[in-house]
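Just need the whole structure built from these sequences, with the hints factored in.
Residue 483 in full-length UniProt numbering is what sits at position 483 of the sequence shown, and the numbering runs on without skipping anything.
Accuracy of the hints is not assured; some may be wrong.
Result set (SDA-like, lysine to any residue): computed pairs, CA atoms no more than 20 Å apart in a straight line [as the list claims (entries may be wrong)]: (1) Lys484 / Ser517; (2) Lys257 / Leu216; (3) Lys34 / Arg44; (4) Lys530 / Ser493; (5) Lys530 / Thr570; (6) Lys400 / Glu355; (7) Lys546 / Glu573; (8) Lys85 / His221; (9) Lys351 / Pro327; (10) Lys198 / Cys158; (11) Lys546 / Leu583; (12) Lys447 / Thr494; (13) Lys614 / Leu581; (14) Lys302 / Thr255; (15) Lys521 / Lys534; (16) Lys384 / Ile426; (17) Lys549 / Leu589; (18) Lys400 / Arg367; (19) Lys546 / Pro567; (20) Lys330 / Gln344; (21) Lys111 / Ser83; (22) Lys509 / Ser465; (23) Lys565 / Ile527; (24) Lys68 / Tyr81; (25) Lys53 / Leu106; (26) Lys302 / Phe324; (27) Lys75 / Ile102; (28) Lys400 / Leu335; (29) Lys530 / Thr568.
These are calculated hints, taken from the structure and not from any lab test. Computed from a prediction, not measured in an experiment: that's the story for all the values here.
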Amino acid sequence: MFWSSKSSISSNYSYSSSPTFSAEPWSVHTGRPKNNAAKSSASRVSVFIFDKKQFESTLLSTGAIRSKTSAKDKKIIQSAYESLKTQVNNLMKLKHPNVLTIIEPLEEHSKNFIFVSEYVSGCVDSIFGCELTQELDFMRNAADADKIVTKRGILQICQALDFLHNRASCVLLDLQPRSILINGDSDWQIFGLGHVSKLPQGTNTGEYYANFDAQLPAFLHVPLNYSAPELILENTLSPKNDYFSLGLLIYFLYTSKHLFNCQDYAEDYRREYKKYENQLMRLTIDGIFSKVPDTLRYSLSKLMNRDIFSRFDDINELLETEFFQDPLLKTLTFLDDMPTKSDQEISVFLKGLSELLSQFPSALLQRKFMPILLNLLDRMCSTKGSVSESLGSCLDVIIKIGSGVSQLTFHEAIYPHLIAKANFPILLASATDYFIENLQILKDKTKPEPFAEEILKPLCTYTLSTLNGESAVNTQEALISKLKICLDALDYSTVKQFLFPLLSQLFMKTTSSSIKSSCIKSFELLIDEKLADKFTCTENMLPLFKSMKTRDPRILMTCLGLFRKFPTLTDDENVLVAELLPLLWDFSLAMSLRPSQYAEFTDVINKISSKVQKSHMEKVKASNGLRTAAEEASFANVIEKPVKKKEDLETLTAHSISATVMQPKPPTRARNVSREDKSLRAENPTVRPVVDKFVAPRTSEPVSKPLVLMKGVSQKNQAEPLKPTKRTNQNSLGSRPSAIRSLPAGGPKTTRKPAIVHSDDDFDEFVSSTPTPPPAPGNTTPSASPSMSFPPGFSMAIQPQARKPANSNSSLL
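Structure below.
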């Protein structure tokens, strides 16, 4: 939430109602310029506000003042306000990269003080102390790169002290974690200039008398926890006071603890320092500063030596120690001084930077490196005659750093610099290889449509069509090797109408064998990705090879790999026979091929030829079959005599099997011979008459229709077909379906049980009678087809039987 008041700052800037962090006694708010009237062109600023009402209430509550109207109390209040004004005025006077930059001067209002500075994200106390915020969490994780952020922060504080001591001739006296701020570029800056003391002219020492009152706010006196013993105990003012304070600050950075814990009393400081000396004698430097890096531990003991003359004579001596000889640290230092470097130095630096990027924390790369490199890119593009190699290296580093940001951040912070009208044509001509090398990152971090239209298509056109000569070969091969990325970013119609013509044109005009092979492989990839249809392959792709004169075996074998895929695209015999096979034969006869390579060609030719032959044979057969059927219908059936179909003897015999119809008979005495028996005996004397054992009484019910039944045949007999009985003078007979059975003529007489004759009127009694015994071997005749289905207990279908003449040899009564 942002709010405004009637002040000049509030009219030109909007800022959050709640503070981002506190740097006592100031609350720091994140703000933004409202319009062009603001002095800052930055997108973000920091607004510092001191609340007078809250401050005066604190003085009343602690007893520092009794009322706001008494002269003494007013003097205390005004003294505090003057200290705040002095602090801001000193910030405006002392201009240095490591001193906070003021954008809008201090404004005093009835309720508050307010001023605007460059954007700062926090202070060292909030980062390394207990108040860790998400905004500054990256700083705590900087240990992954040997605490490069911490190391760089110490370097920047040393540079600020060098400026104050050697140029401004003053002593800071307020070097503590809460008075060191961190800006948007991750630079550490000194903020606490409220107690800066000027050294007497011509000397490096002076006197300083501090007034400590526990009832007054801490900002009104120097911090006891970060002051030198000679300043508090001996009132000696010297630049070396800040050296001791720097040592206490370094201890805090590596331990997150204060070495001294004073309660704003000089006696507290005396007691704490005495305790430190005792520990130093008991544990030594290595024991107390065990968490401090070895390369800095000796320097730390020298910074905090009790003897002021045993400390470093100049802060630059510390900067020359081993601790600061880190390549990463030197890289950051060069980056700060880049505007003063030559193009040649910048070119060498950018090449080396690309190899060191992985060792820097990503947040540091984004906050520190990115803004500087983007400004450098714009400056190089606007400068005529800039070194293209430097421009390409700069683009390469920027894109690699951008790979670690979100797509939104990349699109907002980096993409506008790349596709700017003044930059992109120059980048495309000077840094083509770097665009191609980082094509996947650009695709992932850029929205699909802008990437395809504003980066990819111009890049493909320039590389595949505009570039010529031997110098273009490597660049063209690099782009073709990234063709899969291009295909993923372009739609089907764009590939067909834009990319394929570029590849075809390059294939025709290039004299490089490697480029031709790469183009052929790209055609193969189009087929695999289903981005080249049948028409494109047959009408646009195949003709390219008809005019190809080279017979380099590498190119021919690459062509063979492509031609293998054509039969899967089309089964058109005209294309395969008239277009593809002639090319294969032509290429296979090249004398540059080895025997094994020729064998591969012939294998493909034979497979395609076999496929064509098989397909064509099926078509011919289908065509001839239809024509024959038409001819038979219109001609053969008219002039030719139809051939009589030959019938099977066994089938005829099976169809001739018959049985007598069961007729109702009048009741007779037992063992009477029926008329049918007499007739049978007259025809065949060997057949005994069938004697009725029992004749059922005739009933008054109507006579049912005669049925031919056969009972007593088991399921097994039904399943197994019977062999026909040989006869010399008549056809074979099947098993008699009725109770009467016959023997073959001339056969031996056998004893046979009389059949049981049932009344036709009592069907239920008939079907429940005793089963007929199976016929003797050799006397059976073919029965009905075993495939026929009969009711349980029957071997033949129920059917009416017509009576045949008495002289028929084949019928049985």
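Within a Cα-Cα threshold of 20 Å, do Lys546 and Leu583 meet the stated pairing? holds, 7 Å
Holds or violated: Lys565 and Ile527, Cα atoms, limit 20 Å. Answer holds: Lys565 to Ile527 is near 8 Å, not above 20 Å.
Measure nothing beyond the straight line between the CA atoms of Lys330 and Gln344; if it is 20 Å or shorter, mark the hint as holding. holds, 18 Å
Taken at face value, is the distance from the CA of Arg367 to the CA of Lys400 at most 20 Å? Holds, at about 14 Å.
Take the C-alpha atoms of Lys257 and Leu216, compute the straight-line distance between them, and say whether it is at most 20 Å. Given pair Lys257, Leu216 is violated - Cα atoms ~24 Å apart, limit 20 Å.
Straight-line alpha-carbon gap Lys302 to Thr255, limit 20 Å: Holds. Lys302 to Thr255 sits at ~19 Å (cutoff 20 Å).
20 Å limit on alpha-carbon distance, applied to hinted pair Lys351 and Pro327: Roughly 14 Å between the alpha carbons, so the hint for Lys351 and Pro327 holds.
Run the distance test for Lys521 versus Lys534: straight-line Cα separation, threshold 20 Å. holds, 17 Å
For a C-alpha distance cap of 20 Å, please report whether Lys509 and Ser465 respect it. With a Cα-Cα distance of about 10 Å, the restraint between Lys509 and Ser465 holds, given a limit of 20 Å.
Below or equal to 20 Å on CA atoms is what counts here, so check Lys546 against Glu573. holds, 19 Å
So if I understand the rule, the pair passes when the alpha-carbon distance is 20 Å or less; does Lys384 with Ile426 pass? holds, 10 Å
Lys530 and Ser493: Cα distance at most 20 Å? With a Cα-Cα distance of about 12 Å, the restraint between Lys530 and Ser493 holds, given a limit of 20 Å.
Figure legend: structure checked against the earlier numbered hints; hints not met, in rising order: 2 and 27.
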